[in-house]
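*Asks:* Next come the chains, spelled out residue by residue.
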Amino acid sequence: MTGPEPLVEADLLRVLRALRTESVLPEPWRAIRDERLPRRIPGTNLVPQSPWAVRRPLRVVRDASSIALTAPGYIRGWRRGHAVALERRTSLATAAVERQSAAALRRAAFRPAAAALRLVVQVLPKRERGRYHEEFRAELNRLHGLEQLGYAVRLLLSAFALRRALRSDAAGEE
Amino acid sequence: MTLPTQAVLRTLTEHPTREFYGLEICAAAGLPSGTIHPILARLESLGWLASRWEEVDPQQAGRPRRRYYSLTTDGAMQARRALAQVDARAAKLSALRPRLSGGRA
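Chains as they are written, first to last, in the numbering used here: chain A, 1 to 174; chain B, 1 to 105.
Rather than coming from a laboratory, the hints here were simulated on the basis of the structure. This structure is a prediction, so every number in the text was calculated from the model and none was measured. Where is the CB? At the ideal position from N, CA and C, for every residue including glycine. Careful, some of the hints might be misleading.
Straight-line distance between alpha carbons at most 20 Å, and here's what the computed SDA-like set of lysine to any residue pairs gives [what the hints assert, rightly or not]:
id: 1; chain 1: B; residue 1: 92; chain 2: B; residue 2: 80
id: 2; chain 1: A; residue 1: 126; chain 2: B; residue 2: 42
id: 3; chain 1: A; residue 1: 126; chain 2: B; residue 2: 45
id: 4; chain 1: A; residue 1: 126; chain 2: B; residue 2: 44
Reference excerpt, derived from the structure (chain A facing chain B, CB under 7 Å, subset only) [as the list claims (entries may be wrong)]:
id: 5; residue: 127
id: 6; residue: 137
id: 7; residue: 154
FRET-style restraints, in silico, Cβ to Cβ [as the list claims (entries may be wrong)]:
id: 8; chain 1: A; residue 1: 84; chain 2: B; residue 2: 15; range: 49 to 59 Å
id: 9; chain 1: A; residue 1: 92; chain 2: B; residue 2: 84; range: 51 to 61 Å
id: 10; chain 1: A; residue 1: 167; chain 2: B; residue 2: 53; range: 18 to 28 Å
id: 11; chain 1: B; residue 1: 53; chain 2: A; residue 2: 168; range: 18 to 28 Å
id: 12; chain 1: A; residue 1: 94; chain 2: B; residue 2: 81; range: 52 to 62 Å
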């Protein structure tokens, strides 16, 4: 035994078209355009299952005594937050100033130190100048700020001892 | 032998195979930077130290080449002997000190 033949898609479409021609069914675009959705107003036309539908809105109570109870805590918290923010802002500003001054110091210290190096090298025997200039510059490059100045001053102080050592070396070779 | 020279030699003999550049020697020996070049030059002229340039391209590294120093084989022996003599002399002096100061009757 065979049942009724299932409707194929083409048959369904044909039936729908016929119904629309007879205005039994609206055109799909007309259904969307003409039948507007209800306007949503928050808190008024709630769906029945919404938890807000059964809850009554809270009434604002301004009780001076209850405010007085919580106000000190609020004010203390606000002050603490304000102090922390201020502290953070100050520390950031200080760090920025320190960074800038360190960079300025580094720049300021490098020039006199480099000049002192050139002076030291002039004291040394001619054939050793190139070597020691590069060696000193490499070491100076490794130092920062006031360390560079200290290094240059100590080199200046030991320049003649270095010259003596290099001259004795040259004399020994001759 | 001066104390800074002893300090430099002690540092180098502790690591006889390692190469140091000037600032490293200063830091390891506890000497201020920029004071050891006369010592290094003297030791190099004696043949106790050998030096060489660091093998980097200054342009690429963005800094000048460093000069590395290390003890020669002969230098290591001589340095150990010299330091032993210094230590022996210091031990003798410290043994004498209590007698000189009246520590012993």
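*Asks:* Is the hint on residue 127 (chain A) kept, meaning its closest Cβ partner in chain B is under 7 Å away?
*Replies:* Interface hint status for residue 127 (chain A): violated (13 Å vs cutoff 7 Å).
*Asks:* Could you check if residue 154 (chain A) really has its C-beta closer than 7 Å to a C-beta on chain B?
*Replies:* holds (3 Å)
*Asks:* Determine whether the Cβ-Cβ distance between residue 84 (chain A) and residue 15 (chain B) falls within the hinted range of 49 to 59 Å.
*Replies:* holds (50 Å)
*Asks:* Has the hinted range 18 to 28 Å been met by the Cβ atoms of residue 167 (chain A) and residue 53 (chain B)?
*Replies:* holds (23 Å)
*Asks:* Hinted pair, alpha-carbon criterion (20 Å max): residue 92 (chain B), residue 80 (chain B). Please report holds or violated.
*Replies:* holds (18 Å)
*Asks:* Can the restraint linking residue 126 (chain A) and residue 44 (chain B) be considered satisfied, given a maximum Cα separation of 20 Å?
*Replies:* holds (18 Å)
*Asks:* Determine whether the Cβ-Cβ distance between residue 53 (chain B) and residue 168 (chain A) falls within the hinted range of 18 to 28 Å.
*Replies:* Taking Cβ atoms as reference, residue 53 (chain B) and residue 168 (chain A) lie about 23 Å apart, which means the hint holds.
*Asks:* May I ask you to test the hint 52 to 62 Å on the CB atoms belonging to residue 94 (chain A) and residue 81 (chain B)?
*Replies:* Holds, since residue 94 (chain A) and residue 81 (chain B) (Cβ atoms, about 56 Å apart) stay within the stated range.
*Asks:* Holds or violated: is the Cβ of residue 137 (chain A) closer than 7 Å to a Cβ in chain B?
*Replies:* Residue 137 (chain A) check passes; min Cβ-Cβ to chain B is 4 Å, inside 7 Å.
*Asks:* Measure nothing beyond the straight line between the CA atoms of residue 126 (chain A) and residue 42 (chain B); if it is 20 Å or shorter, mark the hint as holding.
*Replies:* Judged against 20 Å, a Cα distance of about 17 Å means the pair holds.
*Asks:* Using the Cβ atoms, figure out if residue 92 (chain A) sits within 51 to 61 Å of residue 84 (chain B).
*Replies:* holds (58 Å)
*Asks:* CA of residue 126 (chain A) to CA of residue 45 (chain B), is that 20 Å or under?
*Replies:* Satisfied, since the Cα-Cα distance of roughly 17 Å is no more than 20 Å.
In the structure shown, a violation is registered for the earlier hint numbered 5 alone.
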